[in-house]
Amino acid sequence: MGRTVRNVFVAGCVVLWLIPLYLLVVNALTPAAEYVGKPEWTVQGLGLWENVKTAWDVAGIGDSFQASLLYAVVCGLVAVLVAAMAAFAVVVLPIPRPAFWFWLIYSGTLFPLQMFLAPLFGLYADAGLYDTRIGLMLVYAAWAVPFAFFLVRNQMTTMSPELTEAALIDGASFGRIFWRIHVPLMRAGLGAAFIFQFTAVWNDLLLGITLSRSPDVQPVMAALTTLNNAYASTGPPVILAGALIVSVPTLLLFLVFRGLFLRGITASAR
Amino acid sequence: MTGTATPAHGATKPVRVRRRVPTRTPHQAAKAGGGRLGGPLAALPWALPAFALVGVLLVYPFFRSVYGSLFEDNGFTSSYTGLDNYARLADDPVFGRSVLNTLMWVAGTLLLPVLAGLLIAVATHRMRFGGIAQLIIVLPFAISGAATAVLWNFMLTSDGAVNQVLRGVGLDSWAQTWLLEWPQNTLAMIVASTWQATGLNVVLFAIGLRAIPRETVEAAELDGASGWRMFRHITLPQLRAVTVVVVGMAIVNSLKAFDMIWILTKGGPSRSSETLALSMYRETFRLFHVGYGSAIALVLSAIVVASSWMYLRHQMPDTGTAKS
Chain Z
0 MGRTVRNVFV AGCVVLWLIP LYLLVVNALT PAAEYVGKPE WTVQGLGLWE NVKTAWDVAG
60 IGDSFQASLL YAVVCGLVAV LVAAMAAFAV VVLPIPRPAF WFWLIYSGTL FPLQMFLAPL
120 FGLYADAGLY DTRIGLMLVY AAWAVPFAFF LVRNQMTTMS PELTEAALID GASFGRIFWR
180 IHVPLMRAGL GAAFIFQFTA VWNDLLLGIT LSRSPDVQPV MAALTTLNNA YASTGPPVIL
240 AGALIVSVPT LLLFLVFRGL FLRGITASAR
Chain X
0 MTGTATPAHG ATKPVRVRRR VPTRTPHQAA KAGGGRLGGP LAALPWALPA FALVGVLLVY
60 PFFRSVYGSL FEDNGFTSSY TGLDNYARLA DDPVFGRSVL NTLMWVAGTL LLPVLAGLLI
120 AVATHRMRFG GIAQLIIVLP FAISGAATAV LWNFMLTSDG AVNQVLRGVG LDSWAQTWLL
180 EWPQNTLAMI VASTWQATGL NVVLFAIGLR AIPRETVEAA ELDGASGWRM FRHITLPQLR
240 AVTVVVVGMA IVNSLKAFDM IWILTKGGPS RSSETLALSM YRETFRLFHV GYGSAIALVL
300 SAIVVASSWM YLRHQMPDTG TAKS
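Each protein sequence line maps, in turn, to chains Z and X. For the first sequence, numbering that gives the first Met the number 0 begins at 0 and goes up steadily by one. For the second sequence, numbering that gives the first Met the number 0 begins at 0 and goes up steadily by one.
By construction, these hints were calculated from the structure, which means they are not laboratory data. C-beta: ideal position from N, C-alpha, C; glycine also. Any given hint could be a false lead.
[To be verified] One side of the interface only, derived from the structure: several residues of chain Z facing chain X at Cβ under 7 angstroms:
no., residue
1, V7
2, F8
3, K37
So here's chain Z without its partners, still in its complex pose (with noise of 0.2 angstroms):
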């Protein structure tokens, strides 16, 4: 590839995929009175914190926010502890069958969440679950179990077991060896496997519109849905500050763990 080539073509791929981001910055920044039927490319003055104040009282974007923020750190955590249990089960533990356990567990991943709604929907009705956070947690967490299930096993078969063996001669009880032992060690992978799930639950619209309704239960991503069906009344730049506002805790997140994040995915490479 000549120089010249590779240069246009890497500056020309970063142009476009600038100018939708361009586009959503400034057109959430233009104030939703003077938005005149068409998008915006120059910045038109700073309505941004008005658009951010609509979409998040207005349209509920900020009840669904809290909601979601609940749900994602809580089920994140819960998913990644009780998936590191589960490891330590099969990997260090003598489990009969830890083949079984292992497809058993990490199967919810395989099937598309699609597989999963009908029944669940009855399920939640029956039981009255559904529209309630708790409701939404337990599937989040549920959902989010098998995926951090893969990462944390995978991590935790590279752990020498002599490192067992001898905190066993020690006489250490499980309790003791996972939480003074494989936990401390795994911290990276643990934290890899939360930013996975965290971003997951975040993200997911398809459980939220199913199994929940009304605002202060719904997921953000749900919201944002609401938000957009109402374009009419609301206009585009209230909609896309909406957008901005659900891209924040996921963009830092991003960001600020980016390393250990590939890390998280290129450890479930093999």
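Since the structure of chain Z is provided, determine the placement of chain X on it from the hints.
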């Protein structure tokens, strides 16, 4: 690459000697240690929370869904109809279109983001400001699918930014009602999802490129390889491990694509841009054809599992089966 779970105990399995010293692998260590780790039930409490969550909320609904696909079920009454739902699928014109769209998504999201990702990664590799270019291209990946969809909705509507640009540069005839006609609505959405998904591939390929030993490249250079030959015979084979992951993820994700389509077109107009993932949702939760929806979901699951299994088995003969 942190090459982790290589099938360690698969490789060291034929250890026949019973030893009291710890062996290399955990399971064998446990067996050889003869009960020092407690009975086989001691591990169960540790696996139980995961089993309970996954079993009750994922595995049970899965089998319930398989069973439910044999019923004509409108949410209130249900009657056993055997394989009728599947027979109906074969006759349903929407299902045919839906399969076609799903295939387009798979082809599109395999070709575009993977090729673009590879090209951009190779081009930015060891380039000045290459890291910055990579970061810019990966930014959309950190934005959620729903936010991306909202943004592209804004760009693709009839008086949106894309048409504005086309008219601005004098290509009026290229301006389209992007989301209102098939097939360009599906194609436009594939482009939008390419915009979002390419970045991750770029970064993964970049990691793979950095892992290529310098000596390999230098040796090839000494042998007179450069440009295309270098890429074809040195770079590409060395990127194999990454490519397996990238393509594997692309297959699964494209089959499940939902957010983008649901927000941009809701599968419309008149269900022309529906994929299997959308069809299932509409049949079950909009039209209350629960059994029929389950049948679609099962077809989709079968395709996802079969394609990823075939792909992985083909690409990773050494690790594909040894994941125990």
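Okay, the hints, checked on the actual structure:
1. Interface restraint check: Z/V7 against chain X, minimum CB-CB distance 10 angstroms, threshold 7 angstroms, status violated.
2. With its C-beta approaching chain X no nearer than about 6 angstroms, Z/F8 sits inside the 7 angstroms limit, and its interface hint holds.
3. The criterion of a C-beta within 7 angstroms of any C-beta in chain X is met by Z/K37, whose closest approach is roughly 6 angstroms, and the hint holds.
Comparing the model with each earlier hint shows a violation of hint 1 alone; every other hint is respected.
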